[in-house]
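Take a look at the letters that make up each chain.
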Amino acid sequence: MAQDAPGAVGARLSPKLDEASLIRAVQRGDQDAFEQLVRAYDQSVLRLAVNLLRSQEDARDVFQEAFLRVFRSIDSFRFDCSFHTWLYRIVTNICLDYLRKRKVRKEEPAVVDTPEGPLDRMNDFEEEAAHANPERNMWNRQLGQRIEGALGGLTPRERMVFELRHYQGLRLRNIGEILGTSEEAAKNCLFRATQKMRAVLGDFQ
Amino acid sequence: MNCESVTKLIPLYFYGELPPEEEDRLEQHLDACAPCARLAESQRVLSAALDRREMQPSAALLAECRHDLMRAVYRQGAIVGQAGSPRPIGNRPLAAFAAWLPSLGPWRMPLGASALLALGFVTARLTAPSAAGPFNLATLTPDVISSIRSVQPAHEGSQSGEVQIVLDETRRRVISGQLNDSNIQRLMLAAAHDENNAGVRWESVDLLKSHSDSSPVRELLLNRVAEDPNPGVRLKALDGLKAFTGDPEVRKVLAQVLMHDDYPGVRIAAVDALTAHADDNMVGFLQGVVQKEDNTYVRRRCVKALQDMNASVGTF
Chain A
1 MAQDAPGAVG ARLSPKLDEA SLIRAVQRGD QDAFEQLVRA YDQSVLRLAV
51 NLLRSQEDAR DVFQEAFLRV FRSIDSFRFD CSFHTWLYRI VTNICLDYLR
101 KRKVRKEEPA VVDTPEGPLD RMNDFEEEAA HANPERNMWN RQLGQRIEGA
151 LGGLTPRERM VFELRHYQGL RLRNIGEILG TSEEAAKNCL FRATQKMRAV
201 LGDFQ
Chain W
206 MNCESVTKLI PLYFYGELPP EEEDRLEQHL DACAPCARLA ESQRVLSAAL
256 DRREMQPSAA LLAECRHDLM RAVYRQGAIV GQAGSPRPIG NRPLAAFAAW
306 LPSLGPWRMP LGASALLALG FVTARLTAPS AAGPFNLATL TPDVISSIRS
356 VQPAHEGSQS GEVQIVLDET RRRVISGQLN DSNIQRLMLA AAHDENNAGV
406 RWESVDLLKS HSDSSPVREL LLNRVAEDPN PGVRLKALDG LKAFTGDPEV
456 RKVLAQVLMH DDYPGVRIAA VDALTAHADD NMVGFLQGVV QKEDNTYVRR
506 RCVKALQDMN ASVGTF
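Going down the list, the protein sequences come from chains A and W.
To convert, note that position 56 of the first sequence is 56 in my numbering; the numbers rise steadily by one, no gaps.
Numbering-wise, my numbering comes out as the position in the second sequence, counting from 1, plus 205.
Simulated from the structure, these hints should not be mistaken for lab results.
Be aware that a few hints might be false.
What the hints assert, rightly or not - Just the calculated beta-carbon pair ranges, DEER-fashion: (1) W/N385 to A/T85: 48 to 58 Å; (2) A/C81 to W/K447: 44 to 54 Å; (3) W/E226 to A/R28: 22 to 32 Å; (4) W/K213 to A/F77: 20 to 30 Å.
We treat Cβ as the ideally placed atom computed from N, Cα and C, and that holds for glycine.
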């Protein structure tokens, strides 16, 4: 699980660099400053998109669309919230659109059945867990399929809250702020998400 | 606190979202209630299973995303600025080059002049479609971007319904050619100084470094390694100079880089480049660097280089 930390997401700017000055430089049209700003946050944005959408292609599109929106609308950033929150509003809105469209289209899951057996389309990614032996491998694969199914059963909003809390380590208050809702609503979303997942994954635990 | 409320609070407890008093009460309940304790344990197991699912995007994917983004930004920035006006960057060759030339400093003026000459040459060739010859225009893609300047009735006071729309057009051209073509090379040299776009500088240096036997390219690499504001570009330029570490002028610049660059990665690369060429005169210099260097890794690299030269680390 991602650790809680106020700066867990992004915020890799050197302390010497003042983020507000960087943003003002971007607002004046400085592309180098924009590149620096992007680099402070882009790893966590890509990780969020990859984990939410489970598709490299979609994650790439979200990455580009999100930062281009930042580039186009940075003038409207008035420092009335943190840049991180503002950026994540953009990113989560785009991701939610993707998830909603998938709900309508019933897009294929990350793990698909092939004549050679189940194939994880995300195998190109660096997995954290090492697969020690074939038996363990099979168990992991089945668990992976079950988890994908469980996550697929969540509403886009539940999925987003869960992703931001579990993997990105954001506080529920911050998640509420990003999603334009209350902390209480974010809590309820997280509760529903874990209930649904426990129900689907019950016998695997 | 009853079992029903505990069920709702377990995910919040697990994620550390409960206030301390509520957390204490919940823990007391879990100590006394086996079914709720099992539920808490199942939350932990669920979380561990979900942790295994986490994907870390590869460095290659991140690099591709960054590259694509900066290209898209560059294209957008060239077309539409934030207030709907063109940004002072971009693909309008003469205007853009003219905009940055004054800021290049006196030593770059000859280079800037040759870049403008090259641009003039390119423009002339492009306006003559039948032209062929030394400049190999493998592809040429005109791309006209239009914006409406004004809309008005065609004839003052007329009710004819005829209107006049005035368009401003910006033409983009794509030029392809061999790197060993001197005109292409001159354009690339100019692009390697584009202050507004580190990505273009990086790509230009990266492409040009394979032609570092050409004197203007080597001058460019020396200039970029010493002066480029972007450490990635400086590293790339330094990489292109590796074949010339025996050249006194190159060594002099690399020594300056090792002394003054504010990015440790560049200083480490400078140590490596300088010590790749055996030179006993380096001993005193490296001993001096060891004395003043703040960064442990750079210092260690210098110490190792001194040891490899069978020299003492300190000065006496």
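Now the hints, each set against the structure:
{"no.": "1", "hint": "W/N385 to A/T85: 48 to 58 Å", "result": "holds, 51 Å"}
{"no.": "2", "hint": "A/C81 to W/K447: 44 to 54 Å", "result": "holds, 47 Å"}
{"no.": "3", "hint": "W/E226 to A/R28: 22 to 32 Å", "result": "violated, 49 Å"}
{"no.": "4", "hint": "W/K213 to A/F77: 20 to 30 Å", "result": "violated, 37 Å"}
The structure does not agree with the numbered hints 3, 4 stated previously, though it agrees with the rest.
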